[in-house]
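Starting from the known structure of chain X, fit chain Y onto it as the hints suggest.
Chains as they are written, first to last, in the numbering used here: chain X, 10 to 271; chain Y, 12 to 253.
Read the hints as simulated data drawn from the structure, not as lab findings.
Among the hints, a few may not be true.
Here are the simulated BS3-like pairs of lysine-lysine, each with C-alpha atoms no more than 27 Å apart in a straight line [as the list claims (entries may be wrong)]:
#1 X:25 to Y:77
#2 X:12 to Y:113
#3 Y:182 to Y:132
#4 Y:160 to Y:77
#5 X:12 to Y:136
#6 X:12 to Y:146
#7 Y:21 to Y:77
#8 Y:242 to X:269
#9 Y:102 to X:12
#10 Y:217 to X:269
#11 X:15 to Y:137
#12 Y:146 to Y:136
#13 Y:136 to X:15
#14 Y:21 to X:269
#15 Y:102 to X:15
#16 X:15 to Y:29
#17 X:165 to X:268
#18 X:25 to Y:102
#19 Y:137 to X:268
#20 Y:113 to X:25
#21 Y:137 to X:163
#22 Y:29 to Y:39
#23 Y:139 to X:163
#24 X:269 to Y:146
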Amino acid sequence: MGKLLKYEFYNMFRNKWIIFYFLFFLLLTSTLFYFSKEPAKVAATLLQMVILVIPLVSLILGTIFMYDSRNFIELLLSQPIDRRSIYIAKYTATSLSLGLAFVLGVFIPYILFLTGVEGSKEYFLFFSLLVSGLFITFIFIAFAFLIAVIFEEKVKGFGASLLLWLYMTLIYDGIILFITIYFRDYPLEKPVLILSILNPVDIARIFVILQLDISALLGYTGVLFKQFFDTIMGKVISLGVMVVWTFIPLMAGLWQFRKKDF
Amino acid sequence: MVEIKNLYKKFGKFEVLKGISLSLTPGKVVAILGPNGSGKTTLIKSILGLVIPTSGEIIVNGESVKNSYTYRRFIGYMPQVAVFPENLRLKELISMLVDIRKESYNPEIEREFIDRFKLHKYMDKKVKTFSGGTKQKVSALITFMFDPKIYFLDEPTVGLDPISSSFLKDKIRQEVNRDKLVVLTSHIMGEVEEIADEIVFLLEGKVYIQGSVSEVIKQSGEKNLERAIAKLMEKEYNGQTA
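Chain X on its own, in the form it takes in the complex (with noise of 0.2 Å):
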């Protein structure tokens, strides 16, 4: 398992995209903090790009490279290794080295234009905000790999991964929307609260959401919201949330890949 580690990473390593994914969120954030010196402005900027590159880019890349390695995963599966082992070690490679490169991108021009800001440094809502892209990242490369694993043909598991995509990101906050909207004589918040922790998407954007003052404008349900999220209960809940969404997607991952024909 080790070894499979240090090949995996070593691939990762060397793998353009996840220079190019580095790259950009470096130039982004640093673009945001040279046009607006308050980190809670770049803050809330970055949550789109949180709620919606991430999920994208991780669901595109991760299901490419598993489609890319399975000449290596053919190879290794006539070694002595364990199927798990092969798995894990090539889930952990991605996701980590993804993860690194969302957290690195934003941390560095974060830590470098610090030194300028005056008032609020926002410390806890950057914590949020990278805790939230990298449990994002972790779901959503748990995904990919489930659906290469799936499909065995390129073009369908990319065109899952793009309706997952627009499911988790687009339709299910339709749903809601239309909800709402349609059930709006009746007591909603626990209802709608239930339904965001049903989404990891919604889940992040929440986690971060309520550490910006704007919280309010997230109206009647928001006060139920912020009343939930602010406890020390309220964290943990939604923390565990996402990674029972990580796990979820992960071992289904795993029950198929040990099952499957090669």
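Same frame as chain X, now just chain Y:
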């Protein structure tokens, strides 16, 4: 050494293996023959654990294959089409496999294969740029250098030039004389007649005939293996049209 009991494999609705039982003992070259799509590769891949059987039991060296991977330390496998990780140089590929597998790795064999296959000049080149024949040589090298007890060679000589192909066949005979088991598939009957001791003829996912080369020829009443096998296959073709 390899024991197969009642092996079934379905891909969706398509049943490829329909109850195969086989017992293979060391010190022999066993050739698995049969028409295209008769399940030769699926059978080998099932033993390797690349394909998960629908039902049945496979025992390698006294160890059940199901949910196990340790038994593969006894096995060397040359796939039908050699596939290698992208972006690795030959040198890196070899050192990586040695690093991962280690057990019974024999540098002498590695050197011999590199010399005889003239692979020196390829060491610093990326494996994906190699020609089909060279890939096949690399595949043979990484199979033999771990000095396994059991070899599974899926059409090993395809794409090899006569010198390399003769060398590989000599090697196969040598290994068998060291009491190894070699299981191979081939469509070149002359080659099978030359190196195989035993033949397993698969037809529509079942073992149709198993026996020594001379027995199979004698039974068919033909003068060589090619004609004997052709006769067996013709039966199937006629059976389909009737």
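Going down the list of hints, with the structure as the test:
Distance hint between residue 25 of chain X and residue 77 of chain Y is unfulfilled; the C-alpha atoms sit about 39 Å from each other, more than 27 Å. Simply put, residue 12 of chain X and residue 113 of chain Y have alpha-carbon atoms about 12 Å apart, close enough for the 27 Å limit, and the pair holds. Distance check on the hinted pair: residue 182 of chain Y and residue 132 of chain Y sit about 22 Å apart at the alpha-carbon level, within 27 Å; holds. Of the pairs offered as hints, the one joining residue 160 of chain Y and residue 77 of chain Y holds, with about 19 Å between alpha carbons and a cut-off of 27 Å not exceeded.
In summary, the hint linking residue 12 of chain X to residue 136 of chain Y is supported, as the alpha carbons are separated by about 23 Å, within the 27 Å threshold. A C-alpha spacing of about 25 Å is found between residue 12 of chain X and residue 146 of chain Y, which places the hinted pair at or below 27 Å, so the restraint holds. Taking the CA atoms of residue 21 of chain Y and residue 77 of chain Y, the gap is near 17 Å; set against the 27 Å cutoff, the hint holds. Note on residue 242 of chain Y and residue 269 of chain X: the hinted pairing is violated, with a Cα-Cα distance of about 37 Å set against a maximum of 27 Å.
At roughly 17 Å between alpha-carbon atoms, residue 102 of chain Y and residue 12 of chain X fall within 27 Å of each other, so this suggested pair holds. Between residue 217 of chain Y and residue 269 of chain X, the direct Cα distance comes to roughly 23 Å. Compliance with the 27 Å bound is thereby established for this hinted pair. Between the alpha carbons of residue 15 of chain X and residue 137 of chain Y the distance comes to roughly 20 Å, so the proposed pair stays at or under 27 Å and holds. This hinted pair checks out: residue 146 of chain Y and residue 136 of chain Y have alpha carbons roughly 12 Å apart, not beyond 27 Å.
In summary, the hint linking residue 136 of chain Y to residue 15 of chain X is supported, as the alpha carbons are separated by about 22 Å, within the 27 Å threshold. A threshold of 27 Å between alpha carbons decides the hint, and for residue 21 of chain Y with residue 269 of chain X the separation of about 13 Å falls inside it, so the pair holds. For the hint pairing residue 102 of chain Y with residue 15 of chain X, the CA-to-CA distance comes to about 17 Å; that is within 27 Å, so the pair holds. Of the pairs offered as hints, the one joining residue 15 of chain X and residue 29 of chain Y is violated, with about 42 Å between alpha carbons and a cut-off of 27 Å exceeded.
Pair hint residue 165 of chain X plus residue 268 of chain X holds up; C-alpha atoms about 20 Å apart against a cutoff of 27 Å. At most 27 Å may separate the alpha-carbon atoms for a hinted pair to count; residue 25 of chain X and residue 102 of chain Y meet this at roughly 22 Å. Simply put, residue 137 of chain Y and residue 268 of chain X have alpha-carbon atoms about 32 Å apart, too far for the 27 Å limit, and the pair is violated. For the proposed pair residue 113 of chain Y and residue 25 of chain X, the alpha carbon gap of about 31 Å is over 27 Å, so the pair is violated.
The straight-line distance between the Cα atoms of residue 137 of chain Y and residue 163 of chain X is roughly 24 Å, inside the 27 Å bound, and the hint therefore holds. Only pairs whose Cα atoms come within 27 Å are accepted, and residue 29 of chain Y paired with residue 39 of chain Y is accepted, the gap being roughly 25 Å. A C-alpha spacing of about 20 Å is found between residue 139 of chain Y and residue 163 of chain X, which places the hinted pair at or below 27 Å, so the restraint holds. For the suggested pair residue 269 of chain X and residue 146 of chain Y, the alpha carbons sit about 26 Å apart, so the restraint of at most 27 Å is met.
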